[in-house]
Structures are given as C-alpha cells and as structure tokens.
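Given the coordinates of chain A, assemble chain B onto it according to the supplied hints.
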Amino acid sequence: MKYIYYPGCTLETTALEYNKSTQAAMQALGAELMEIEDWNCCGAAAGEATSHLLAMVLAARNLALAEQMDGGADLLIPCSGCYLNLRKVEDHVKREEGLFDKINEALKEEALEYKGRIKVRHLLDVLSRDFDPENMKPLVKKDMSGLKVAPYYGCQALRPYPDFDDPQEPRTMEPVIQALGAEVHPWDVGSKCCGAALMNTKKDVALELTGSILRAAKGADCIVTVCPMCQLNLEAYQKPISQEQGEDLSVSILYLPQLMGVAFGLSEKDLKLNLNLAMTKSLKERLEI
Amino acid sequence: MMEQSVDVTHQTHEAHSAHLMEEVQENVQACMQCGTCSGSCANSFAMDLTPRQLWRLAQLGEKEEIFNSTTFYLCSACYYCTLRCPRGLPLTDIMGALKRLAAAEGIERYRQSSNFYRTFMDTVRRYGRIREAEFMNRYFFSMKKNPFLPLGFAAVGMKLMKKRKIPLEMPKLFGKGRFDALFRKVKELEARP
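Protein chains in written order, with my numbering: chain A, -10 to 278; chain B, 66 to 258.
One chain only, chain A, in its complex shape (with noise of 0.2 angstroms):
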C-alpha cells in the first residue's frame, strides 16, 4: 500500500510524536509513505476565519501537489484539522458555482493545477478501512492485556464528512484496540468536542469541555487520540482542571499510532513517548517504557 503523505505544520513541532509515530506504525504494516514536498499549512482554523477562498487556495495547493505525485494513490493526513481543511476542498468545488476555477486561477501565480482528482482521507480512515485488524495481531510483541484505552475521535475526523465511520457514535478505534490485545473502555464522550482552538481565545469554556472528558475517562489507563489540537487540550491542562474539580483527573494520553507502536514493540525512537505531557508513572511502569 502506497500513500501520499501530508503531515501539516503542527506534526513538524508540537505534535512530532504524531508524526513520528503515524510513520513507525505504518510502514510496520508494510505501507509506504510519501510526503508532499513543499507542502503548506492548510489554513487550520485561521483560514475560514479570515478568508473562504484564501481558506480554499491554501488547502488546494496541497491537493495540487499531491495530483503531481504518484498516480493513484490516496491522500493520507493524520492531523484532523488538517484533513478537514483539504477535504472540504473535494465538497466545495461541487457545491459552489465559480471555486474550481476560482481556486485555479489563484494556483497560477504557483504554477499549480488542481484537478479535483486526489482522495483526501484520515489516517483512522486508512488505519480502519485498508488494513485488516486481524492482520495486526501477528505483529503484537507486547502484552496488552488488561490495558483499558479510552478511544478519544474528536469532532473533524468525523464531521461534517462521514466517510467511514458514524459521525456520532464512532466505532472505528476499537477493533484496533482489541487487535492490540487491550480493552476499550466504554464511554459515550468520543466524539464529543475538545473545546479545540477555543482553549486559545475563550478558555474558561474549553476546559469545561476537556474536563468532562478527562471525568468520563475515570477507570480507563489512557485515551488515545487521532488529533492533535485534541491531544494538547486534553494533556496540557490537566493540573488546572482537576484544581477546579477538587478531584485528580490525571489521565495518559497518547496517539493511537503510538499505542499501535508500543504493542508492536517499536523503539522509543519511533514513538517519542517522552515528548507527550501526560504519561502517568503506573501506565509507564505497566508498559515498561
């Protein structure tokens, strides 16, 4: 299996144990990862904000480039943000009279061309859809079992496109985590949202949202994510959180590439498990990493 590969601006910094990680796992399934040269930043939540077409044009030269690629391949982004930003480009050109050509035009001035012909998809999507979990168990070295993973979707991933999964009860994560030989602890806060870039500009309501979720994961040993604006509201601002709740709601959280690597026996070097905020001491010590 072959995949162009767009990492995005935040797999280069904050989140390059995502990145990291997302690579590892993947070629240990045999797939092969081809990153978009000069490649851009998708606008993030910044882009609708300011501009729709500037939003559209930014997105597109991504797409533009990856048409360049490989022929045939699908469009592989781990970060959900990101994916949504491209792939909303795929739904506007067919809904709004005038943006194909619009975007077009704009992509001159790079020397670009979108055709509107690449496939944007989430990694969960690839993970879930293209790679039989049957197939992962072979390659579990470790032992998982008892391990209980919270599995954490995020909103973008999944809406407004349901492309593979149920927008509202998601189900996808969990034959992978019981392929890993874990337990999925039940909860109904999934696909809940985060509070996302809020936790930059109105705060006090973003960690009301990331707090319910940090409650509903009581019981569980970690959450796994597939995002990382999630993955930060949800490890950063524990200690504040559980101060306003008058109760410990410290929690592991790690991405699901690197749960993946941490059953399949991959290196630290591989999974950056230093680089998350929040690993507790017993889950450490459980997983001997």
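Note that these hints are calculated values from the structure, not bench results.
Just so we're clear, the structure is a prediction, and the values are computed from it rather than from any experiment.
The reader is advised that the hints may include incorrect statements.
Unchecked claim - Under 8 angstroms between C-beta atoms, here's a sample of chain A residues computed to sit facing chain B:
| id | residue |
| --- | --- |
| 1 | Leu5 |
| 2 | Leu88 |
| 3 | Phe89 |
| 4 | Lys91 |
| 5 | Asn93 |
| 6 | Glu99 |
| 7 | Arg148 |
| 8 | Gly254 |
| 9 | Lys258 |
Ideal placement from N, C-alpha and C gives every residue a C-beta, glycine not left out.
Leaving out everything else, chain B in the frame of chain A:
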C-alpha cells in the same frame, strides 16, 4: 489621488461586508427554527443567545444584535449542528462567515480572536507554514492593550518549550513573503463582482 484610492478601498470593504451578510441571510433562509442546532451545540451553555435564536436574527438581517452576542465566536466548529440540521444547512460554515464578517468590521469584543487569526495567516503568508514562537509573540504584540494575555499561555508554553517542541527561528520580517503573490491574487479574486 490619495483620497480617491482610500475611498475606493473603503467602498470595496463596505461592499465586501454587505456581500458576506447577504450570503449569511441567504444561507439561513430555510431555517425553520426547530432548535436541533441549539440542542446539539457543545458550547450553548456559555452562549447568551442559542444558535437557533442567532439564525432567526440572521434571517432578519439584525447584524448589530448578532455581533452584540457571544454566540458566533463561541462556535468551536464541532459540526454537530451541520450534521443534524434537518434542513441540511451548512451552519458551521455560516458561523465561519459571521466570524469573517466580525473581523472585517473590527467588532471590538471579537478583537482577540480576529487578531489571533490575522496574525496566524500573516505568518503563513511569510513562511508558507506556521512558526509557533514568532506567531504567538506577534499575536501578544497585537494585543498589547492586554498585557496579561501572555500569562494565560505561559504554563503550556513552558511545557512545550521544555520538551523542545517549539523551535526558535529567526524571524524574517522584511524580506519577501513566501506567499505574497498568492495572497494578493486571492484578494484580487475576492474583490471581483
């Protein structure tokens, strides 16, 4: 000559705002006030007007009341309302249009958010990718009327610095930006009738 060009910019600006508001009005025209959006909204507990109430004001074109409320900037783009709207209205996108309009009109209570986004996009124009350290410093500078703002980011910033997750790079403030031409072209396309 100078005066004339200022006037033209002003007119384009006005026309742009009016166009955005028309778009919003048109997009919510089919709203039947069922309230599914309000019931689905993650942040409605913190809003003064529910999303349903906001859409009614939007139908009526009550721009002032819309921007007097906290509703539009408390949208965290979770897309639950868009998913569930029985009329199939792109409600999250419309919230996005309201945020653009608030930024274009310089709405005071939205200044923190619009400065955050504007500074972010300016960093993208310069480098093509985001540079956290420089972006945050410039954002704080743009908000210098609120000198305590950086404190809210200090704890997490320190954590990330300690893990060496925020590279410090020299800013290139005066050279040509990576996407100057692309950004200029988009502006030109947007100004077209």
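- Could you tell me which of the numbered hints above are not met by this structure, giving the numbers in increasing order? The structure breaks hints 2, 3, 5, 8 and 9; every other hint is satisfied.
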